[in-house]
Structure formats: structure tokens, C-alpha cells
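Asks: These protein sequences, in sequence, are chains L and E. Reminder that position 246 of the first sequence reads as 246 in the numbering used here, one-by-one numbering, no gaps. Reminder that position 43 of the second sequence reads as 1043 in the numbering used here, one-by-one numbering, no gaps.
Do not take every clue at face value.
[Stated by the list, open to error] Some but not every residue of chain E turned toward chain L, in silico, with C-beta under 10 Å:
1. Val1027
2. Val1029
3. Ile1032
4. Thr1033
5. Tyr1034
6. Phe1038
7. Gln1046
8. Gln1050
9. Trp1051
10. Cys1052
11. His1053
12. Asn1060
13. Lys1075
Just so you know, the hints here were simulated from the structure itself, not pulled from any lab data. On a predicted model such as this, the values are computed, not experimentally measured, just so you know. Note that beta-carbon positions come from the ideal geometry of N, C-alpha and C, so glycine has one too.
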Amino acid sequence: MQRREFLKTSLVASTVLLGLPLGASQIRQPLDNYKISKYIFPEKNPLIAHSDRPPLLETPRSSFTSAITSNKDFFVRWHSPKIKTHTFISGYRIAISGEVNEPLYISLDSLKNDFEAVEITAVLQCGGNSRSAFVPTTSGIQWGSGAMGCAKWRGARLKEVLKKAGLKSDAKWINFNGSDEAAFYKAPRLIRELKIDEIDDNIIIAYEMNGEDLPYLNGYPVRLVIPGWYSDSWVKMLSEIRVTKDYRPLYYMDSAYTVPDNETESESHDKPAKKRKPITTVNTKSYIGFPTRDTKVKANENTTLKGVAFDGGSGIKEVLISADKGKTWEKSKLGKELSKFAFREFEYNFQPKHSGKLTLMAKAVNNLGEEQPFAHEVLWNKGGYKYNGIDSVTFEVVK
Amino acid sequence: MKNIVIQTLLILTVAFSTLNAEYSKPVKVPSITYPLEFDKNFRVIQRNCQWCHSFGYITNQGKQSQEFWRASVVKMRDVYKAPITKADEEAIVEYLFKHYGNGKLK
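Please put together the full structure from these sequences, using the hints given.
Replies: Below, the structure written as C-alpha cells:
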């Protein structure tokens, strides 16, 4: 009895200490203590392995000091437990069918030789990245913040490929399907649909990632690249493009990878929103790669915080750093802009005066003036998508 | 010294090109054991919960409420079409809440 009383008061006390009004959102920093697995996946460094079948591999925080994520560190998110292995890559074809003048079967060689090769550096981020921040817990994999990466992609423009097939005048939707097939024959398949007017010059069918073939687990031989959009649209092992007149209802677009179709894209646990929309455009986010929770920094010595920031394509205007839990902010130094869709490096020099725990926070602002909210200001949605709270790292300062 | 460097480089290139040029053999993804607690209901989990994904999916969720685990099992059946009987549903929810529960019903 007494114990329970104590728990109650200490709970109230700690809420007040944090400065949160009672009843505020319980959304918190995403989990940051997942261990790196000792198992190594093909073409990968050791990563955080949430599952082997299907492979769900998360990139550790320390990789995010650089604008380019190496192929070996790049996260992996597969839906199907059995991934196709292509016996003859020379026999690989992308089939283009439906409302086209000429159905095509494009080989990898043709994609490389018959179309202009274009390059774009862009962030690939899972819509559920940082999901573990959401309270109440939402369904889905409880990712930390490493279900993202940035690479230089090289491939052929989707527009040019479609032009070669020739779209009929009533063509409206393009369906994409790859070899990330459903786990069970009755379960819904992961197909994406794009409206024809959503297709711009930035969208490519990529066959290279950071100057190499795509890693097998990132969709070798080809995947769709849609800069500024979440990764569920970047169909892996792309094998089928179907052009249609009408929209086909699709589980992954209409139910699974969706947020409420209202202004704040939020809902409550008891009253989920009925009207929903696909998650599409990435919001503004930053992430500190150094220091991490395991770093020990020396007091009275210069140390450089490093991280990456990005948004859905307007570009990053500034990244601000706070050493007092967000009361005051100072500008960091931004690195070169590789593209509007890429990670932008930021750096901040500091010299801690006292030993003990120190917390630094990073907040990005994009060119539209949109900035990251505090974790407790992020609004809840039942899929746990699009978390973009201000990042916070606590580490130790030693004498 | 130089010799060693060249040799490792060579081995790396060979391994890499066999993987990327043609997938003549299935690519080997390591098999990881995600250990679950053992009790009388464990075989119901074994029977129902590992066709479509590893147990990693379960352990990754952390400690959750009974309502959460119920919703998760029902989703497997209704959305992903896992053929889970009513009796198994009860045993699975009981098991998950007992070992991976946070003590709260809701």
C-alpha cells in the first residue's frame, strides 16, 4: 500500500520535472540500445538484425556521420521470408505491359545501354523508421532510427523507359512489382502504384548504388528510386511494370503504409481515422552519428559532433544544436549539398567543462521553414510512421 | 606485407564477383536463432508462428499488453491469412502475455 502511494507521487513528480503537462503525448526518443548482431549477411557489415527471415537489418548510429552510407552498412528491409535468387542474370527481364503501345521485356544490358544513364544522390528511409518512439506501441517492427541510408543511385529514367513502350492515351496508373513476394500465397502482395503525373525526371530504375551493383539484399539487380519518398515505394528486384486505366485497391497502399488523411496526419488509439493516404513524402529529420551513447568525451578538450539531416526534397536550411534540453539553440556548420534529396552533413564543435553526463540535441530546418518537433510533440498514428522528433544523444564526459 | 594485402584483395574480389555476376547458387543468408521462452504452450507458437517470419518479429516487439498481443495474433489471421484456430489463438495470447507481457491488460 505504502509502496503504491510512493510510486504514484514519484510519477507525478517526474512528469513535472520533465516540464510536460500531464496528459501530453508519451512519445519519446526511439530505442537506441539495440545490439549489433554477430551474424554477417552477404555483402554487409555486422548490423542490428531484427530478423533473419525476412532479413531486417538496421544500421547503427555511428554510421551516420557521413552523407553517403556505404553499401555494406546500408539497412535492409524485406517483407518476404524467401527471396528470389536469379540463376541467370542475363535472362532477367523487366516486363512492361498493360496500356502501352508495345509491351517490352527489358534486359539489364538494355537498361544500361539503350537509355541515358543518370545519377542522383538520395535518402532511402523506411516509413516505419524510429517507430519504437511511439507510445502506445504501434504494430510493426520496432525500429530504432537506423532504417535509413543515403546512396548515389545510377540508372535509367522511368519516363524514358515508359516512353519506349509508348503510353496509350487513357493510361493513368503505373503498377510496380518486384520479387519481395508475400510470405503466404493468400497474403497481400507488395505492389506500388504511381499516378502518371507523379512521375518526374528524378525517378529512375537504378542498377548501381554507390558505384557498384546493388547489394543483393538491397534489391539486386534493379530497384525503383523515388527521391523524397519513403522506401515502401522503392520496389526492389523490380520485374513488372503494368500500366492501367484504373486504380487497383492495394493493401500496402490503402491500409498498411498509410497515415490519417487529415491535416496533422494523426489519430488516437481509441479512434483510428477512417480516411487514410499513402505515406509518400519524407519529412524533415536529423540524426547525430557522433557522439553516441557509448562515447566518452574528455572535459576541456575540443570535440566535434557530427550528423546528417534531410527532408523530402526542399533541402536543408540549417541544423541547430542544443546543450540545454532545447531551451537555446546554436547553428551547426553544414557540409556540401550533394543533392536536395541527400543527407546533408552537419558539424558542431564543443568543449565540455564538467565531467558527468551530457546531452546534446539536433534539430533540422528545411528550406520551407519546416522544423523538427520535440519527441513529445510528435503526433501519434497507428502505423507508427513518419516519426521525426528532435534527436538527442546522452554521453559521458570524463576528466 | 604487400603480398598479404594483394591476396586478401583478390579473395574479396572473387567472392564479390561470384555473388554479383550470376546467382548461380542461392545466396546464403545466415540463419539466426531468436530464442523464445519454453513452456507448455511453446509448441502452439512453433506450429503457428514461424512459417512466414522468424521469431525475431515477436521478440522485437518488446513487452506489451494483453490487448496488444491479441490484436497482433488477430492481424496475422485476418490480414495475412494465417490459419490460426480459436483454441490456438487463446493459447498463443496467453503465452505471449505471460512471457512478453507488460502486466497490463490494455
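Asks: Let me know if the C-beta of Asn1060 (chain E) comes in closer than 10 Å to any C-beta of chain L, holds or violated.
Replies: holds, 5 Å
Asks: With 10 Å as the cut and Cβ atoms as the points, is Phe1038 (chain E) at the interface with chain L?
Replies: Hint on Phe1038 (chain E): violated, closest Cβ of chain L at ~20 Å, above 10 Å.
Asks: Against chain L, is Val1029 (chain E) within 10 Å by beta-carbon distance?
Replies: holds, 6 Å
Asks: Quick check on Gln1050 (chain E) please, does its C-beta sit within 10 Å of some C-beta on chain L?
Replies: Where the cut-off is 10 Å and the nearest Cβ of chain L is about 9 Å from Gln1050 (chain E), the hint holds.
Asks: Hint Ile1032 (chain E) vs chain L: min CB-CB distance below 10 Å?
Replies: Holds, about 4 Å.
Asks: Holds or violated: is the Cβ of Cys1052 (chain E) closer than 10 Å to a Cβ in chain L?
Replies: Since the shortest Cβ distance to chain L is 3 Å, the answer is holds.
Asks: Can we keep the His1053 (chain E) interface hint, with Cβ of chain L closer than 10 Å?
Replies: holds, 6 Å
Asks: A closest beta-carbon separation below 10 Å is what the hint needs, so does Trp1051 (chain E) meet it against chain L?
Replies: holds, 7 Å
Asks: Verify the interface restraint on Lys1075 (chain E): the C-beta must sit less than 10 Å from at least one C-beta of chain L.
Replies: holds, 7 Å
Asks: For the hint on Thr1033 (chain E), does the least C-beta distance to chain L fall short of 10 Å?
Replies: For Thr1033 (chain E), the interface hint holds, since the closest Cβ of chain L sits about 9 Å away, which is under 10 Å.
Asks: Hint check: is the beta carbon of Tyr1034 (chain E) less than 10 Å from a beta carbon of chain L?
Replies: Check passed: Cβ of Tyr1034 (chain E) comes within 8 Å of chain L, closer than 10 Å.
Asks: Close enough to count: is the Cβ of Gln1046 (chain E) nearer than 10 Å to one in chain L?
Replies: Constraint on Gln1046 (chain E) not satisfied, violated at 15 Å.
Hints 6, 7 from the earlier list are contradicted by this structure; the remaining hints agree with it.
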